[in-house]
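Chemist: Spelled out, the chains give:
There are 2 protein chains.
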Amino acid sequence: MSSASQPAAVVLLSGGIDSSTCLAVARQQHECHALTVEYGQRNAPELDAAGRVARSLGVVEHRIVELRFDWRGSTALVPDLGAPQVPRSADAVAPSAPPPDGVPVTYVPARNSIFLALGAAWAEALGTPHLFIGVNRVDYSGYPDCRPAYVEAIQAALRLGTRRGDLQIHAPLMELTKGQIVRRGTELGLDYGLTWSCYDPQDAPAGPRACGLCDSCIHRKKGFAEAGVPDPTPYAPTDRG
Amino acid sequence: MSSASQPAAVVLLSGGIDSSTCLAVARQQHECHALTVEYGQRNAPELDAAGRVARSLGVVEHRIVELRFDWRGSTALVPDLGAPQVPRSADAVAPSAPPPDGVPVTYVPARNSIFLALGAAWAEALGTPHLFIGVNRVDYSGYPDCRPAYVEAIQAALRLGTRRGDLQIHAPLMELTKGQIVRRGTELGLDYGLTWSCYDPQDAPAGPRACGLCDSCIHRKKGFAEAGVPDPTPYAPTDRG
Numbered sequence: 001m002s003s004a005s006q007p008a009a010v011v012l013l014s015g016g017i018d019s020s021t022c023l024a025v026a027r028q029q030h031e032c033h034a035l036t037v038e039y040g041q042r043n044a045p046e047l048d049a050a051g052r053v054a055r056s057l058g059v060v061e062h063r064i065v066e067l068r069f070d071w072r073g074s075t076a077l078v079p080d081l082g083a084p085q086v087p088r089s090a091d092a093v094a095p096s097a098p099p100p101d102g103v104p105v106t107y108v109p110a111r112n113s114i115f116l117a118l119g120a121a122w123a124e125a126l127g128t129p130h131l132f133i134g135v136n137r138v139d140y141s142g143y144p145d146c147r148p149a150y151v152e153a154i155q156a157a158l159r160l161g162t163r164r165g166d167l168q169i170h171a172p173l174m175e176l177t178k179g180q181i182v183r184r185g186t187e188l189g190l191d192y193g194l195t196w197s198c199y200d201p202q203d204a205p206a207g208p209r210a211c212g213l214c215d216s217c218i219h220r221k222k223g224f225a226e227a228g229v230p231d232p233t234p235y236a237p238t239d240r241g
Numbered sequence: 001m002s003s004a005s006q007p008a009a010v011v012l013l014s015g016g017i018d019s020s021t022c023l024a025v026a027r028q029q030h031e032c033h034a035l036t037v038e039y040g041q042r043n044a045p046e047l048d049a050a051g052r053v054a055r056s057l058g059v060v061e062h063r064i065v066e067l068r069f070d071w072r073g074s075t076a077l078v079p080d081l082g083a084p085q086v087p088r089s090a091d092a093v094a095p096s097a098p099p100p101d102g103v104p105v106t107y108v109p110a111r112n113s114i115f116l117a118l119g120a121a122w123a124e125a126l127g128t129p130h131l132f133i134g135v136n137r138v139d140y141s142g143y144p145d146c147r148p149a150y151v152e153a154i155q156a157a158l159r160l161g162t163r164r165g166d167l168q169i170h171a172p173l174m175e176l177t178k179g180q181i182v183r184r185g186t187e188l189g190l191d192y193g194l195t196w197s198c199y200d201p202q203d204a205p206a207g208p209r210a211c212g213l214c215d216s217c218i219h220r221k222k223g224f225a226e227a228g229v230p231d232p233t234p235y236a237p238t239d240r241g
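These protein sequence lines map, in sequence, to chains G and H.
Under the numbering used here, residues 1 to 241 are what the first sequence spells out, in order.
Under the numbering used here, residues 1 to 241 are what the second sequence spells out, in order.
Worth flagging that the hints you see were computed from the coordinates, not collected in a lab.
For glycine and all other residues, C-beta sits at the position ideal for the given N, C-alpha and C.
Keep in mind that a hint or two might mislead.
Stated by the list, open to error - Sample of chain G residues at the chain H side, in silico, Cβ under 10 Å: (1) L67; (2) A149; (3) R163; (4) D166.
Claimed, not checked - Label-pair ranges, simulated between beta-carbon atoms: (5) H:D70 - G:D166: 20 to 28 Å; (6) H:E175 - G:D166: 23 to 31 Å; (7) G:G189 - H:D101: 38 to 46 Å; (8) G:P100 - H:S5: 43 to 51 Å; (9) H:Q29 - G:A225: 36 to 44 Å; (10) H:D70 - G:P232: 53 to 61 Å; (11) G:I64 - H:G165: 52 to 60 Å; (12) H:P234 - G:P100: 51 to 59 Å; (13) G:V138 - H:A90: 40 to 48 Å.
To be verified - Calculated Cβ distances over 12 Å to all of chain H for the following chain G residues: (14) E38; (15) A204; (16) P205; (17) A227.
Bound-form chain G, shown alone (with noise of 0.2 Å):
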């Protein structure tokens, strides 16, 4: 699938559907260093996912960054007493409805800006200007930090803070709907049971399963059906008729 002299990247990985399809996709002509940060998610198993997807796509290494940051208040992903909850589906098929300014309360303040500086970091040491993420504008086009507009003002900003000056941030799923992401990743030979989306992760003696209703199940159930391909997810068993 790879040789010795491909060139080096750095591949942001979460353990979804989408950064585990850029993985894929970046493994094609990458020997690939995938970084995770554990910022305290509410969904712990995504980062199992990460550590599953990695070592069957068969990265070079796997590094997960610990960031201790308080992010009180300001996010549904992180639990704290304050924090809005994550919204649920009402009918388990279409995805909550946007707040009134269309930003999504599981957007995490300038998360996509934390992750990318710490991978151009990475990338830098390893000396490649090669760094991927998994964003895409279809699907999620509520969070400010997936848009190409900005995807091209951080590369900007990031080839001017670092010293080789040359990033290059590959977004090779940013005009994708999550069918063809499914799709593509499929080709590619991904095993999307290994993956994670669930923000409401429910406890079961065999491990923990998705609750099938919060956005992000709602999304890769859409993704799935769209795809035409069988959804390999543990869903929690629901009292809804």
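Using the hints, position chain H against chain G.
Modeler: This is chain H only, laid out in the frame that chain G set:
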């Protein structure tokens, strides 16, 4: 010195001369939230200094963010087996000669981008656009992430990548010499005896002493000399005559 009606600001604070002076400047017009990042840096006394300076200048809150990132081989500022050594001045007056590309070995890849992204995240959580950083290009012009063009570019990127979109990065020391910085802070009542600069502190019974020979010590001495202000730093005795 301040009132509750002052707008909030996040101030990046390492505990050195520049960031401490920047905090003193910011305190003139803002309620300040100081942000220190603990990233395994060699000069641990800097962290204590940051706490002392934050208290003395009356910040609302001082957060220390732990970042467990492996900087292996990429900077002299974080100790590891493969890292270059902190350079020492040959005559205890002039800094060491810079490497051929002009970037000091104490450069930390993408450091200010990581710090500014974290600062932008906190500022957004606090509901303020104001973020201060004590970079200046005069005495440390070898660092790519201390230049005005970089600060402008990262501000543009962080505006695009956050919900508010109105981040203002203030770099009030950008055009000052080290001497002008020390004079400014002294006018503002900052006690530089609380700050710490040395990259290579020496243990001593009464507390750590500055080596007096690393580039950071040389710049510090030069600042006090230029400003005509007594240097309160406890330097270690050296062998040199």
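Chemist: Each of the hints needs a verdict: does it hold here or not?
Modeler: Hints and how they fare:
1. For the restraint placing L67 (chain G) at the interface with chain H, the shortest Cβ-Cβ distance is roughly 6 Å, inside the 10 Å limit, so the hint holds.
2. For A149 (chain G), the shortest C-beta to C-beta distance to chain H is roughly 6 Å, which falls under 10 Å, so the interface hint holds.
3. The interface hint given for R163 (chain G) is met, as the beta carbon of that residue sits about 5 Å from the closest beta carbon of chain H, less than 10 Å.
4. This hint is violated: D166 (chain G) has a C-beta 12 Å from the nearest C-beta of chain H, more than the 10 Å allowed.
5. The hint said 20 to 28 Å for the Cβ distance between D70 (chain H) and D166 (chain G), and at roughly 23 Å that hint holds.
6. For E175 (chain H) paired with D166 (chain G), a C-beta distance near 28 Å keeps the hint of 23 to 31 Å intact.
7. With their beta carbons about 41 Å apart, G189 (chain G) and D101 (chain H) fall inside the hinted range of 38 to 46 Å.
8. Our hint of 43 to 51 Å for P100 (chain G) and S5 (chain H) is violated, since their Cβ atoms are close to 28 Å apart.
9. Taken as a hint, the range 36 to 44 Å is violated for the pair Q29 (chain H) and A225 (chain G), whose Cβ atoms sit roughly 54 Å apart.
10. Judged by the Cβ atoms, the range 53 to 61 Å given for D70 (chain H) and P232 (chain G) is violated: they are separated by roughly 33 Å.
11. For the pair I64 (chain G) and G165 (chain H), the supplied restraint of 52 to 60 Å is violated, since their beta-carbon distance comes to about 31 Å.
12. Our hint of 51 to 59 Å for P234 (chain H) and P100 (chain G) holds, since their Cβ atoms are close to 56 Å apart.
13. The supplied range of 40 to 48 Å is broken by V138 (chain G) and A90 (chain H), whose beta-carbon atoms lie about 59 Å from each other.
14. With a closest Cβ-Cβ approach of about 9 Å to chain H, E38 (chain G) is found to fall inside the 12 Å limit, against its non-interface label.
15. Residue-level check passed: A204 (chain G) sits 31 Å from the nearest beta carbon of chain H, beyond 12 Å.
16. For P205 (chain G), the condition that its CB be more than 12 Å from all CB atoms of chain H holds, with the nearest at approximately 32 Å.
17. The Cβ of A227 (chain G) lies farther than 12 Å from every Cβ of chain H, with a closest approach of about 29 Å, so its non-interface assignment holds.
In summary, the numbered hints that this structure violates are 4, 8, 9, 10, 11, 13 and 14.
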